[in-house]
Amino acid sequence: MLNKKVVVLLCIAVLVVAGCSQAKKEAAIKVAMVTDVGGVNDQSFNQSAWEGLQRAEKEIDIKASYLESTQDADYKPNMETLFDAGNELIWGIGFKMADVLSELATMNTEQKYAGIDCFFEAPTPNLVGVLFREQEPSYLVGYIAGKMTKTNKVGFVGGMDFFVIHKFHYGFLAGVKEGNPDCEVLVQYADSFTDAAKGKAIANQMYKNGADIIFHAAGGVGDGVIEAAKEQNKYAIGVDKDQNSLAPDNVITSAMKRVDNAIYNLTKTLVEGTFPGGTNVVYGLKEGGVGIAPTSYKHVSAEILEEVKGLEAKIIAGEIVPPTSSEEWEAMQ
Amino acid sequence: MIKKFLKLFSNNVFLFTVISIFLGLFIGAIILLAAGFNPLQAYGVMLQGIFGKPKYLSYVIIRSTPLILTGLSIAFAFRTGLFNIGAEGQYIIGSTVAVVVGYFIHLPAILHIPLVIICALIASGFWGGITGFFKARFGVNEVISTIMLNWVALYLQNFLIYTPGFQKPGGEVSYAIQPTASITFLDKWKRSEEGIAWLLDHPFWRDLFKTPINWGFLIAIAVAVLVWFILKHTTLGYRLRAVGFNLYAAEYGGINVKKNMVISMTIAGALSGLAGALQVMGVSHQISLLAAMEGYGFDGIAVSLIGNSTPIGCVFSGLLFGGLKYGGPKMQPAMGAPSEIINIVIGIIVFFIAIPQVIRLILEFGKRKKAEKV
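Quick mapping for you: the protein sequence lines, in order, are chains A and B.
Counting from 1, position 65 in the first sequence corresponds to residue 65 in our numbering; the numbering is continuous, with no gaps.
With the second sequence counted from 1, adding 1000 to any position gets you our numbering.
Take these hints with a grain of salt, some might be off.
Claimed, not checked - In silico DSS-like links for lysine-lysine, alpha-carbon gap of 25 Å or less:
1) 200/A / 286/A
2) 112/A / 1232/B
3) 1053/B / 112/A
4) 230/A / 208/A
5) 30/A / 1053/B
6) 112/A / 1367/B
7) 30/A / 147/A
In case anyone wonders, no lab produced these hints; they're calculated from the structure.
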């Protein structure tokens, strides 16, 4: 009997407190994003995307929210949910959402959609694809690796074997070659974006085989790579964000992909009324969408950084075109 | 009065589950409150997100379909005393085979659909049967072998996606199955010009047909009834259950235990594979590169538990689980709560639903105490 009373009291308490809490004020424009299966705290591009939206919420008058996906089959229903919630713009994060985005954009012609890492053949006027030239920062960090290696051996750890990661992979190869034509590059794909233990095992093996710098483009797998660098006191190169904070003595630089900037800029165009609907927007060095980490000066000599700046200018001018695929890389040989 | 209630609860699994759901919601509410969010508003959003529109209900049904079948698969094996953790892998095999047969073979729909289903059943049944065979022949624990086979299945699918001629150019996905293998309602029509025009004039149907609503759910229910019939009213079912109740007694009674283990795992595998095949034929129409397991099989374990390992129970618990999985995350954007909080709340609700047995024990304990007092 006593238990029942306690339960009833608790119920009342819940109701009272619930009644007292206030509804949050509604901002003018609602913008939301659907994460891929990595979730919003993936230390990688979903997180970066959400940071971009949060920044937009702080600096321009929008209300940001997100919805996580746990399976590929969630993308469409999640987009529908955000559509019903009255969002002005809906972001899909990751190339896997391209098909769903273009299907929904055709069906809901009044709703604006945008996709990170998505390329659309013929985007409808309410759809924008956002792409990055990942090969450009990868080329630059490759050059740094080539210059800084003492063993003439560096490593590349890829997440999964597909075109986005290929851009990192072959851009890096070309950069290393530019910096040090004799340098050998060990390459391995982890077939995962989450398995840190696997990243560590691969990195340890590479260090054992004589590599002294490893570049990863592998999301959560890269955490393991950086951990291995820390334990073995070797160098690693981060990706997507400035990952120096993960191992300040070992992460010499990072190939940054500023998903947050892209999201922020595009959301801003929405507010300003210049939304580039019906196009694919490409972010490279020129647009400030990619680059090397600002903390690079800690480990990389000023001399090399100066050379990197020169290369950057050449890439922007179009004098150097880093390869994006094995075909382009073969063609350069 | 209260005594009567208690008696009702301890005898009635359904009522018991309902109570557990409310307890789960209640504890979830406390957590939401502690995190500074209004639980009533949150649950309102969730219920609205499940029942608010025909479209939402349709999504819940779509979401539930594979869960009902993987739940049935685990329940079936469980009745024979086997713990089928391999539903995930069997699901993957079913969906992969469905895409292969659905894409490469050209046939009229009336032949194509059954062919895809039968091929998926055979392949995933074989996949499940491997486990049963190893268990029966070498005594390999089915938990271990199914977990390992899950990974084999996952990498097999990823390997196949990279096969030239099967991988869709420019994507990490396979080609879509032929339209003749699709079981989505009016799939072609709703994308045609006249279809779009008609739907524009009929908002209700437009709303409904935005979802990939398909035959899968009806098939799943039919299969649940079939499984119930097999278990309850056939000699095969009797033998399987006998092995589940007591292996040695069954053997003493002249039942071939080893053979029945293989049969049980084969059928369980086929059920999970059917889940994968229906998902492909009705919803996704293709398979994509998997970085991790999608969890249909693992959720099936919970579905089977909630459903008390009975076929009909699995239908309802599958629907419940599908509703929670579909409606729950909707709390996030509406409330602005971090998804971790939302996941904790959903997790707690599921947890409470899954442990009615424990609550029953607690209640019975209280009853006994009261009896002592009197």
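Cross-check of the supplied hints:
no.: 1; hint: 200/A / 286/A; in the structure: violated, 34 Å
no.: 2; hint: 112/A / 1232/B; in the structure: violated, 54 Å
no.: 3; hint: 1053/B / 112/A; in the structure: holds, 22 Å
no.: 4; hint: 230/A / 208/A; in the structure: holds, 14 Å
no.: 5; hint: 30/A / 1053/B; in the structure: holds, 22 Å
no.: 6; hint: 112/A / 1367/B; in the structure: violated, 60 Å
no.: 7; hint: 30/A / 147/A; in the structure: violated, 47 Å
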